[in-house]
Amino acid sequence: MPTVPTRGGPSRAQATYTGGKVLPYQKKGQAVRGASGKTVLSGRRHRKILRDSIKGVTKPAIRRLARRGGVKRISADIYDEVRAAAKSRLEQILQMCVIYVEYRNAKTVTVHDVSFLHWLPQLKSTH
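Under this note's numbering, the first residue of the sequence shown carries the number 39, and numbering increases by one thereafter.
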């Protein structure tokens, strides 16, 4: 029967064994594995429900942005309009980023890709 330490960091994570059947140290929430390596006790996977992620831009976040811009009072209708404007602008930026990332033969959009879009109009005007 293993005795699991109640306190301590990663160095204290090793279980001590007093005899009997030896089991590996198991963190809370991990599934117990059998001899074949297959999970014996595990929860079923659930598909994540897709929601409109622009709702993650919350009312207080929009209010803080407006305060930074010097706005004193905010109409209740503004929040959905700000979300729609932010979504359309992000779609434009990401479309241009994807074009540039595909040109680089990469799969990840980086900060440099977005900053390149910032300088792109100036590069076009110089040539």
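Some hints here could point you the wrong way.
Listed next, the in silico PhoX-like pairs over lysine-lysine satisfying Cα-Cα at most 20 angstroms (straight line) [stated by the list, open to error]:
id : residue 1 : residue 2
1  : 125       : 97
2  : 93        : 125
3  : 86        : 97
What the hints contain is simulated information worked out from the structure, not anything from laboratory work.
(message) Would the hint linking residue 125 and residue 97 be met if the CA-CA limit is 20 angstroms?
(response) Cα-Cα ~15 angstroms, so holds.
(message) Please verify whether residue 86 and residue 97 have alpha carbons no more than 20 angstroms apart.
(response) Answer violated: residue 86 to residue 97 is near 24 angstroms, above 20 angstroms.
(request) Below or equal to 20 angstroms on CA atoms is what counts here, so check residue 93 against residue 125. (result) Since the Cα atoms of residue 93 and residue 125 sit roughly 10 angstroms apart, the hinted pair holds (cutoff 20 angstroms).
Violated hint for the displayed structure: number 3, the only one.
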